[in-house]
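S.K.: Here is how the chains run, residue by residue.
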Amino acid sequence: MKASISASERLKYFAPQIEKTSLSTKVWIVILLMFIAAGGVALYQQIAIGHVVTGMRDNVIWGLYIANFIFFIGISYAGAILSGVLYVFKVPWRRPIVRIAGLVTIAAGLIGPVFILLCIGRFDRMHHLFLYPRLQSPITWDVMAICTYLVGAVLYLYLTLIRDFSLYSDADFLNIPNWKRKLYKTLSLGYKGTGVQKKQLKSATRLLAIVMIPLVVIISSVLSWIFGMTLRPGWHSSIFGPYFVIASILTGVGVIIIIMWTFRRLYNLKEYLTDKHFTYMGFIMLVLAAGYGYFSFSEYLTGWYGSEKWDSEVLSKLFNTNEYGWWFLFSNIFAIVLPILVVALPKLRKPGPIAFSALLMVFAMWVKRYLIVVPTLETPLLPVQDTRMEYVHYAATWQEWALTFAGIATFLLIFIISSKLVTIVPTSDYIDDEKA
Amino acid sequence: MQNSDNTHGNERRDFIKLTVLGAAAAACGSAICSCGNKEEAGKKVKLLSPDGKLVEVDSKHLRPVHKTVGVSTEEARLGIPGRKFVMVIDLAKCSNARKCVSACQKMHHLPEEKEWLQVKLMMDNPESAPYWFPKTCFHCDNPPCVKVCPVDATFKRQDGLVLIDSDRCIGCKFCMAACPYSTRVFNWSEPDLPEDIAGLCYSPETSVPSQVGTVEKCDFCPDMVRAGELPDCVTACPNGVFYFGDENEDVVSNGEETVRFSQLIKDKAGYRFMEDLGTQPRVWYLPPNDRLFPVERGLDDLPDNIKDRFNDVM
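Protein sequences appear in the order of chains A and B.
Start counting the first sequence at 0; every next residue gets the next number (numbering that gives the first Met the number 0).
Start counting the second sequence at 0; every next residue gets the next number (numbering that gives the first Met the number 0).
Hints were generated in silico from the structure; no laboratory data involved.
The C-beta atom is built at its ideal place from N, Cα and C for all residues, glycine as well.
Don't take every hint at face value.
As the list claims (entries may be wrong) - A few chain B residues that face chain A, going by a derived Cβ cut-off under 7 Å, partial list only:
no., residue
1, K119
2, P143
3, P149
4, I169
5, K172
6, M175
7, G239
8, L298
9, P302
10, N304
Produce the complete structure using the sequences and hints provided.
M.R.: Set out below in structure tokens:
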């Protein structure tokens, strides 16, 4: 690390990121906005015509939306717990990663809950959750947990940004419009780096980082209990809490690796996001994938070996290649085996392969979420005995896909916009090094 | 209730509530709603008041209600004091006549494809004989659906019924995920209702009118019960399959015979469906011993789309 360079000189290196927006970035923004607009059309139809425009029906009452909800909110948790752990344990290589992790937390944390709202029949009655809350309901737990979490996550990210904001607003050489400078000045809350300020900021950040770790475990488990508390085969399992915690973190680590790789290329950050960072993140991914594989194995093994009627029915759908068999196989190989192999083999342990395996793993984990939700709902305890195909098998409609892609587009858009407001590598974080 | 099959529409018209008379007090909840029948003023109608007098009132004061005098939502949440409703379904008598299904649909203004009461063809294992299995809401004493509702829209009453307040339901469908018996249905689009029904005040006791984006289900017709009548599925059944009554009084009736509940359960080895789930249903089944009809007869005269449902079994 170039410990001898001053913070402002370092900022000069990052300056182009926040000073100007390239044409290709603008094109990207337009494309993403088009996806979001398509989602808007779908949303309008869903509200105007009703949930009948989705593929959901009385047996499969939740579908793509809830899978997306678990997926995004899980990614968010991973960002929070990773930046929390890296900060609390003062991991020396954390610096270029914590900002990305923090942004992932917020971007995914804002999009996830939107997908649960899409599952709800009466948007107009959301206030009932606060007017008539029932503490017995896991949804109430989830509402409380997500609200607490989002407040904590926003505060935490903000605290880690204050020093950067102060740095940007003071840097005269930055070629940025006046409004942006003013924005930085306001957001820096008058931070000047005095001894007291430094101490306060540090202890506040540390405190929040510590709080975020158990919070993520709690909220991830609460999310899983929406499923685990029902009497459904494939859901009603005591492993669901830890299963969801580890699945969330694994997926999120994958997303962070992909974003690291993208920005490393985009902004030429090879000196900051070094090969070493990818190796370390790869090791984390390996450990999590192994843990997740172990949980998956024990979950399916006990169900299969015990062979209770209902468990067997769901499992037979997951093992049958005419139903979900191929997807089930795909998700297990690419979410568990592939990341372990790529990181374990020294020849493949390089940023490119690691990022590529992370990409496949993230997609496989999304498939896994779908396979947790849909086959179970297609297997009620009583025979379905319905001649309407849409009531027997779930098939997502274009409206659901449009909103899914709109969600991904929003995630990317939030990232692009954030990367124009703050440097992807927390510039001010290196000051400590220089003083030390 | 002998004419329950085809005259429901007229009957409902006949059961008119005189809001100008004393009965209004009982309807305090719904009376403040302005969603009555908007007939023009001036027409005089002759009616029999609750105390037996013939009175003439202005038609603008008349409001058709579901069955009987409605109760407020607050009252509907409490239930009828001292009662503990219970149902017994005699599987030996069911011929899949589906009169219960159509009566229920008529009573609650449901379209043909929406069945709160379903008749399934069950076959417990490949060797056992198939049998017809009418399924209402089980109104469980340990209801998984009520546990998970985040807004208290579905609730358990002191008389044992599990009802839904559709005015409060947010449509999260968690209750549908929680119910192991697939009892609940969701309004995926705006229900197609006649104007006078759509304009009614919703009551958890009538479950009418259906509302888009909310969950609904079999309610054991508590409005009928309040009026001292049996639920429609019970009276509509030509074979006397359904017995409805009060566990506290230890009496159930299928409209033709009235028997001791405990004796019936004891004599005919009554059981509760999937007892091991621990939901403690309020619906009991009598096993299909000495059946009145061969099971195939249930397939006769069925429209194709319903017959096809049972292809996997028979």
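S.K.: Each hint should be assessed against the structure and marked as holding or not.
M.R.: Right, here's what the structure says about each hint:
{"no.": "1", "hint": "K119", "verdict": "6 Å, holds"}
{"no.": "2", "hint": "P143", "verdict": "6 Å, holds"}
{"no.": "3", "hint": "P149", "verdict": "4 Å, holds"}
{"no.": "4", "hint": "I169", "verdict": "5 Å, holds"}
{"no.": "5", "hint": "K172", "verdict": "4 Å, holds"}
{"no.": "6", "hint": "M175", "verdict": "5 Å, holds"}
{"no.": "7", "hint": "G239", "verdict": "24 Å, violated"}
{"no.": "8", "hint": "L298", "verdict": "13 Å, violated"}
{"no.": "9", "hint": "P302", "verdict": "10 Å, violated"}
{"no.": "10", "hint": "N304", "verdict": "5 Å, holds"}
Checked against the numbered hints given earlier, this structure breaks hints 7, 8 and 9; the rest are met.
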